[in-house]
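Residue 159 is where the sequence shown starts when you use the numbering used here, and the numbers rise one by one after that.
I should point out that these hints are in silico values taken from the structure, not numbers from a laboratory.
Treat the numbers as computed from the prediction; the structure is a model and nothing was measured.
Do not take every clue at face value.
Stated by the list, open to error - Straight-line distance between alpha carbons at most 16 Å, and here's what the computed EDC-like set of lysine to aspartate or glutamate pairs gives:
{"id": "1", "residue 1": "K272", "residue 2": "E222"}
{"id": "2", "residue 1": "K271", "residue 2": "E222"}
{"id": "3", "residue 1": "K193", "residue 2": "E176"}
{"id": "4", "residue 1": "K245", "residue 2": "E222"}
{"id": "5", "residue 1": "K175", "residue 2": "D162"}
{"id": "6", "residue 1": "K271", "residue 2": "E218"}
{"id": "7", "residue 1": "K272", "residue 2": "E218"}
{"id": "8", "residue 1": "K175", "residue 2": "E222"}
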Amino acid sequence: MDLDEEVSRAAIQLLGKEPFFAHVFGSISRRASEKINTCGVSLVDGGVELVMNPGFFLSELRAEGRVAVLKHEILHIVLGHLTRWDKNRNQLLQNIAMDIVVNQFVAPWRLPKKAVTIADFEVGKCFAG
159 MDLDEEVSRA
169 AIQLLGKEPF
179 FAHVFGSISR
189 RASEKINTCG
199 VSLVDGGVEL
209 VMNPGFFLSE
219 LRAEGRVAVL
229 KHEILHIVLG
239 HLTRWDKNRN
249 QLLQNIAMDI
259 VVNQFVAPWR
269 LPKKAVTIAD
279 FEVGKCFAG
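Throw the hints in and build the complete structure from the sequences for me.
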């Protein structure tokens, strides 16, 4: 399987059901890297870049999961998470919080089983002293 081909297939599926997100996706530069475990977006040179681990994207995800992951990353952009990131705060907690927010809006696409959702946290237990 070719990463570019599979990303294109996922983008076409997204375009068919959710053209707004596909339009945003069209403005993002993309590159492959094994230095990242899954996928992620970041600000680079005045634009947005999507970095994808080919092993994760091609081996661990099926077609619907690929679309879900693309929409997940696009939602980080749409919700302004890239400009809210604070290097002086706990980065793991920021990432979890932002992923929980984003993952509430990924439907109708099914998230990978490893995805963190609000259902993973019981109210009152997470922040109990």
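The hints, checked one at a time:
1. K272 x E222: Distance of about 15 Å is within 16 Å: holds.
2. K271 x E222: The given pair, whose Cα atoms are some 12 Å apart, holds under the 16 Å limit.
3. K193 x E176: violated, 30 Å
4. K245 x E222: This hinted pair is violated, its Cα atoms lying about 33 Å apart.
5. K175 x D162: violated, 20 Å
6. K271 x E218: holds, 10 Å
7. K272 x E218: Judged against 16 Å, a Cα distance of about 11 Å means the pair holds.
8. K175 x E222: Within the cut-off at roughly 12 Å; holds.
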